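Visitor: Sequence:
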Amino acid sequence: MGFFKVIFHPFRTSELINELSAANESLRHDSSLMADRLAETQNENTRMAEAVLSLEAQIGKANGAIRDLNDKLIQTRKERDQARFEVLHLDSVRNELARCVASRKELERRIEKLKEALEDSRSKYKELTQTSPARRIEEEEEETETEALQFPDFHPVTDAPPIPLPAPEKKKGSTTVHPGLEPPLPFDPDEDDWLHHLPKSML
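Quick note on this note's numbering: the sequence shown kicks off at 1090 and runs consecutively.
Simulated from the structure, these hints should not be mistaken for laboratory data. One or more of the hints may lead you astray.
Said to hold, decoys possible - No more than 20 Å apart at the CA atoms, straight line, and that leaves these computed lysine to any residue pairs for SDA-like: (1) Lys1194 x Val1182; (2) Lys1150 x Ala1138; (3) Lys1167 x Ile1155; (4) Lys1202 x Arg1183; (5) Lys1194 x Glu1205; (6) Lys1161 x Glu1145; (7) Lys1167 x Ala1151; (8) Lys1213 x Lys1194; (9) Lys1204 x Ala1187; (10) Lys1167 x Leu1177; (11) Lys1161 x Gly1149; (12) Lys1202 x Ala1191; (13) Lys1194 x Asn1184; (14) Lys1204 x Leu1186; (15) Lys1194 x Ser1212; (16) Lys1204 x Tyr1214; (17) Lys1215 x Glu1205; (18) Lys1194 x His1178; (19) Lys1202 x Ser1212; (20) Lys1167 x Asp1157; (21) Lys1167 x Arg1156; (22) Lys1202 x Val1190; (23) Lys1161 x Leu1177; (24) Lys1150 x Lys1167; (25) Lys1204 x Arg1193; (26) Lys1215 x Leu1203; (27) Lys1161 x Leu1179; (28) Lys1150 x Asp1160.
As the list claims (entries may be wrong) - Derived DEER-like restraints, expressed as beta-carbon distance ranges: (29) Asp1180 x Asp1160: 51 to 59 Å; (30) Leu1177 x Met1137: 32 to 40 Å; (31) Phe1174 x Leu1144: 38 to 46 Å; (32) Glu1195 x Glu1175: 27 to 35 Å; (33) Thr1135 x Ala1112: 44 to 52 Å; (34) Asp1157 x Asn1134: 28 to 36 Å.
Owing to the predicted nature of the structure, the values given are computational and were not obtained by experimental measurement. Even for Gly, the Cβ is constructed at its ideal location relative to N, Cα and C.
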């Protein structure tokens, strides 16, 4: 009975209607606020999605730049290794050049020694040729030729004084022979070595 009293009480019914209206208005307001907040959230989500896409694009660019840097780093390492190899090659070439210079100095020193030895040999040869009879004969011949050029009427063979022969020597028997003009021994066919007197064409 009390429920019916409340429901059908005129004053209480109007209060309930007012409360329901207020609650409904509050709900509408809250719904409007929730809708606004939802719209803002969606906008924020959209902005966040755009920001995420922008970040992903930037990350892609950064990854590309990192790959380029890695490629450049690899190329730089290759160039560094090549430069190191060239430096080592240049060091070996420099060492070889130093050895060549040392060998050249050694060769120059040996050449100087050979020159000194050659000069000594020439001086000794000059001393020997100046004191040897062959050299004196050559000098006399040169002097004779020089005199013949200076005095064209003088002939060194026909106009020269006769050269005296050495005194003859007496040998056994009556034959007189000058030294160096001995006659050949007579041919004896009874000798064992008589074949050596024949010419080679007859042997």
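Visitor: Work down the list of hints and note, for each, if the structure agrees.
Guide: Here is what the structure says about each hint:
1. Lys1194 x Val1182: With Cα atoms ~18 Å apart, Lys1194 and Val1182 stay inside 20 Å; holds.
2. Lys1150 x Ala1138: holds (18 Å)
3. Lys1167 x Ile1155: The hint holds at about 18 Å.
4. Lys1202 x Arg1183: violated (28 Å)
5. Lys1194 x Glu1205: It holds: about 16 Å lies between the C-alpha atoms, which stays within 20 Å.
6. Lys1161 x Glu1145: violated (24 Å)
7. Lys1167 x Ala1151: At roughly 24 Å apart (the allowed maximum being 20 Å), Ala1151 and Lys1167 break the hint.
8. Lys1213 x Lys1194: Not satisfied, since the Cα-Cα distance of roughly 28 Å exceeds 20 Å.
9. Lys1204 x Ala1187: violated (25 Å)
10. Lys1167 x Leu1177: holds (15 Å)
11. Lys1161 x Gly1149: Given pair Lys1161, Gly1149 holds - Cα atoms ~18 Å apart, limit 20 Å.
12. Lys1202 x Ala1191: holds (17 Å)
13. Lys1194 x Asn1184: holds (15 Å)
14. Lys1204 x Leu1186: violated (26 Å)
15. Lys1194 x Ser1212: Violated, because 27 Å separates the two Cα atoms, which is more than 20 Å.
16. Lys1204 x Tyr1214: Holds, because 15 Å separates the two Cα atoms, which is no more than 20 Å.
17. Lys1215 x Glu1205: The hint holds at about 15 Å.
18. Lys1194 x His1178: violated (24 Å)
19. Lys1202 x Ser1212: holds (15 Å)
20. Lys1167 x Asp1157: Within the cut-off at roughly 15 Å; holds.
21. Lys1167 x Arg1156: Measuring from Cα to Cα gives roughly 16 Å; hence the hint holds.
22. Lys1202 x Val1190: Given that 20 Å is the threshold and the Cα spacing comes to 18 Å, the pair holds.
23. Lys1161 x Leu1177: violated (24 Å)
24. Lys1150 x Lys1167: violated (25 Å)
25. Lys1204 x Arg1193: holds (16 Å)
26. Lys1215 x Leu1203: holds (18 Å)
27. Lys1161 x Leu1179: Answer violated: Lys1161 to Leu1179 is near 26 Å, above 20 Å.
28. Lys1150 x Asp1160: holds (15 Å)
29. Asp1180 x Asp1160: 51 to 59 Å: violated (30 Å)
30. Leu1177 x Met1137: 32 to 40 Å: violated (58 Å)
31. Phe1174 x Leu1144: 38 to 46 Å: The hint (38 to 46 Å, Cβ to Cβ) holds, given that Phe1174 and Leu1144 are roughly 44 Å apart.
32. Glu1195 x Glu1175: 27 to 35 Å: Distance hint for Glu1195, Glu1175 holds at roughly 30 Å.
33. Thr1135 x Ala1112: 44 to 52 Å: violated (34 Å)
34. Asp1157 x Asn1134: 28 to 36 Å: holds (34 Å)
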